[in-house]
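Enquirer: Based on the provided sequences and hints, a complete structural model is requested.
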Amino acid sequence: MNLELLAIIVGAYTLAIGYLGWLGYKKTKTASDYLVGGRQIHPMLMALAYGSTFISTSAIVGFGGVAGMMGMGILWLTFLNIFVGIFIAFIFFGRPTRRLGAQLDAHTFPELLGRRYNSRFIQGFSGTIIAFLMPLYAAAVMIGGARFLEVQLNLDFKIALFVFSCVVVTYVFFGGLKGVIYTDALQGSLMFISMVILLVITYNKLGWLHSHADLTAMAAQVPQGLIAKGHQGWTAMPRFGSPLWWQMVSTIILGVGIGVLAQPQLAVRYMTVKSGKELYRALVPGSIFIMVMTGVAFIVGALSNLYFWKTFGKTAMEMATDVVTGKPNIDKIIPIYINSVMPEWFGYLFMLCMLAAAMSTMSGQFHAIGTSFGRDIYQQAIAKGKHQERTVPIAKAGIFIGFVITIILAYNLGLGIIAIATSLFFGMCASVFLPAYVSALFWKNSTRSGVIAGMLAGIVIWGFWIFFVHEKESAALGLCNLLTGKPSLVTGSIWAVVDPIIISLPVSALVTFFGSLVTPKKTMNKTA
Amino acid sequence: MFGFGDIWVTLAYLLCIGSTLFCIIYGIRHWNDDVEMPTPTHPEDENTDFEDTI
Numbered sequence: 032m033n034l035e036l037l038a039i040i041v042g043a044y045t046l047a048i049g050y051l052g053w054l055g056y057k058k059t060k061t062a063s064d065y066l067v068g069g070r071q072i073h074p075m076l077m078a079l080a081y082g083s084t085f086i087s088t089s090a091i092v093g094f095g096g097v098a099g100m101m102g103m104g105i106l107w108l109t110f111l112n113i114f115v116g117i118f119i120a121f122i123f124f125g126r127p128t129r130r131l132g133a134q135l136d137a138h139t140f141p142e143l144l145g146r147r148y149n150s151r152f153i154q155g156f157s158g159t160i161i162a163f164l165m166p167l168y169a170a171a172v173m174i175g176g177a178r179f180l181e182v183q184l185n186l187d188f189k190i191a192l193f194v195f196s197c198v199v200v201t202y203v204f205f206g207g208l209k210g211v212i213y214t215d216a217l218q219g220s221l222m223f224i225s226m227v228i229l230l231v232i233t234y235n236k237l238g239w240l241h242s243h244a245d246l247t248a249m250a251a252q253v254p255q256g257l258i259a260k261g262h263q264g265w266t267a268m269p270r271f272g273s274p275l276w277w278q279m280v281s282t283i284i285l286g287v288g289i290g291v292l293a294q295p296q297l298a299v300r301y302m303t304v305k306s307g308k309e310l311y312r313a314l315v316p317g318s319i320f321i322m323v324m325t326g327v328a329f330i331v332g333a334l335s336n337l338y339f340w341k342t343f344g345k346t347a348m349e350m351a352t353d354v355v356t357g358k359p360n361i362d363k364i365i366p367i368y369i370n371s372v373m374p375e376w377f378g379y380l381f382m383l384c385m386l387a388a389a390m391s392t393m394s395g396q397f398h399a400i401g402t403s404f405g406r407d408i409y410q411q412a413i414a415k416g417k418h419q420e421r422t423v424p425i426a427k428a429g430i431f432i433g434f435v436i437t438i439i440l441a442y443n444l445g446l447g448i449i450a451i452a453t454s455l456f457f458g459m460c461a462s463v464f465l466p467a468y469v470s471a472l473f474w475k476n477s478t479r480s481g482v483i484a485g486m487l488a489g490i491v492i493w494g495f496w497i498f499f500v501h502e503k504e505s506a507a508l509g510l511c512n513l514l515t516g517k518p519s520l521v522t523g524s525i526w527a528v529v530d531p532i533i534i535s536l537p538v539s540a541l542v543t544f545f546g547s548l549v550t551p552k553k554t555m556n557k558t559a
Numbered sequence: 002m003f004g005f006g007d008i009w010v011t012l013a014y015l016l017c018i019g020s021t022l023f024c025i026i027y028g029i030r031h032w033n034d035d036v037e038m039p040t041p042t043h044p045e046d047e048n049t050d051f052e053d054t055i
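Just so you know, the protein sequences line up as chains R and F, in that order.
Okay, so the first sequence: first residue is 32 according to this note's numbering, each after it adds one.
Okay, so the second sequence: first residue is 2 according to this note's numbering, each after it adds one.
Keep in mind that the hints are not guaranteed to be accurate.
Computed spacing ranges between beta-carbons, pair by pair [what the hints assert, rightly or not]:
(1) F:Ile8 to R:Gln419: 52 to 60 Å
(2) F:Asn33 to R:Lys358: 49 to 57 Å
(3) R:Gln71 to F:Leu22: 41 to 49 Å
(4) F:Ile8 to R:Leu510: 38 to 46 Å
(5) R:Lys60 to F:Leu22: 39 to 47 Å
(6) F:Ile8 to R:Tyr234: 20 to 28 Å
(7) R:His241 to F:Asn33: 43 to 51 Å
(8) F:Leu15 to R:Phe473: 25 to 33 Å
What the hints contain is simulated information worked out from the structure, not anything from laboratory work.
All values reported here derive from a predicted model rather than from experimental measurement.
We put the CB at the ideal spot given by N, CA and C, even for glycine.
Expert: Structure representation (structure tokens):
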């Protein structure tokens, strides 16, 4: 790469981001501006901010890499991302959330739940979950961005990680949610343009009409290890009920596809617009953006096998196998593909796209982590609502704490973690928050005790499942091995590959439902 | 169809395109719906009286 040209491009991008962050800072006068963008954001900006926060390097590099390994069955996730993540989210969740948020003057997702049930516990507990578990997801996004810089620029991974996250935390810290949304809009536009070009060049290279059929014909090249797990080729779903099918359907498709509904950093976006009309309007850019982002990443990820096979006689997984450890790192499939197939000028553009994708998601995450520490945990739960005049400085301190936790995690997570950490966080959000959130919006008879019981059941079952049952995590975490001498309590059975969300979400929903039926409905409920 | 290896992937591909078109048409049809602006029940940053504690 031409380093001078690269420096000019990155410099211009950083200046533009700096300017938008400064604009956010200048337009932030009140705590409401800092926390929910003053509730006056334009629907186009809201849609781009929602989409670019939703779609990170995890979706492009991480899940694109998963498509390179598992194939195009993951397009079911794109469908859920559009139908559930945009249509149901904006129309059935966004409009009532915006209305309730304005009525209760809620400034964060935990505050929405807490004020709905008049419960400091709900706000503090939700804030704690976000503040301590979202850094796992943020670290995964951070790694995705830094991995790309590592491959593309030959930068040291640790330096790339640090510099890149410092830039993000600076504009979130000063610009608040307005700074986040303005920068998201620019980043979302860059991402959109890059992904359209990536799709066009890929189909031009591999054939618009026959590339899918050529990839289908490559089914015999699937590695034996994957065939044994149920792989049937890169243009077919894994064998029904096989371990790979469970991993794809339960962890990746359902975990992320449904988990999106209860993402705190996304739910707060609904509270940034003036009226429900804006959410109808945001459907148009939102759906196009998500289809292009995830659809292109998954199609290109799977088709990379065809390119690598034709060019190097290797599959994508073989291309991404580390020469030192001998282990495949699927997070590298997309960066290697871009490096080998795309023209040099696109390398620069795509690098900006990756930086934009990671930065737009991280900014939303840092903002959510920071406001959880500052607003939900400290100000509302610990200080019992005091220091209202210091909301912004307290949230800023929270952003800094969240940044430190995230960067420590990012330095210590293992290889191939991006998609797994993202799925885990989405699944956890669905298990803990979704039943409470649905009840808060739609069920007038839900009770505070029922909701608290459901949230606690969700986190306990989810935690038990990842520590003792779901082998991918339980083996890595090591607690089960320490106590029982086995990587999972059910090693060898199909349960060891069933994602926590399949169990913890229904349990949490049932506990919330029956808990609300058997506990008295006091006068505490606000407007539903 | 479309060169895919099974009906499930073909269906997912078509649903991606179909659901996007549906969102676009739905958004345009409801372009001016739901224009009410609720009055906040709490003034900006006012403390709320919570009934429980932690």
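Enquirer: Indicate, hint by hint, whether the structure satisfies it.
Expert: Evaluated hints:
1. Taking 52 to 60 Å as the suggested C-beta distance range, the pair Ile8 (chain F) and Gln419 (chain R) conforms, at roughly 58 Å.
2. Separation of Asn33 (chain F) from Lys358 (chain R) is about 55 Å and conforms to the stated range, judged on CB atoms against 49 to 57 Å.
3. Taking 41 to 49 Å as the suggested C-beta distance range, the pair Gln71 (chain R) and Leu22 (chain F) does not conform, at roughly 30 Å.
4. The hinted window of 38 to 46 Å between Ile8 (chain F) and Leu510 (chain R) holds, with their beta carbons roughly 42 Å apart.
5. Against the hinted window of 39 to 47 Å, the Cβ-Cβ separation of Lys60 (chain R) and Leu22 (chain F) comes to about 41 Å, which satisfies the hint.
6. For Ile8 (chain F) paired with Tyr234 (chain R), a C-beta distance near 22 Å keeps the hint of 20 to 28 Å intact.
7. For the pair His241 (chain R) and Asn33 (chain F), the beta carbons lie near 45 Å from each other, so the given range of 43 to 51 Å is met.
8. At roughly 31 Å, the beta-carbon separation of Leu15 (chain F) and Phe473 (chain R) lies within the given 25 to 33 Å, and the hint holds.
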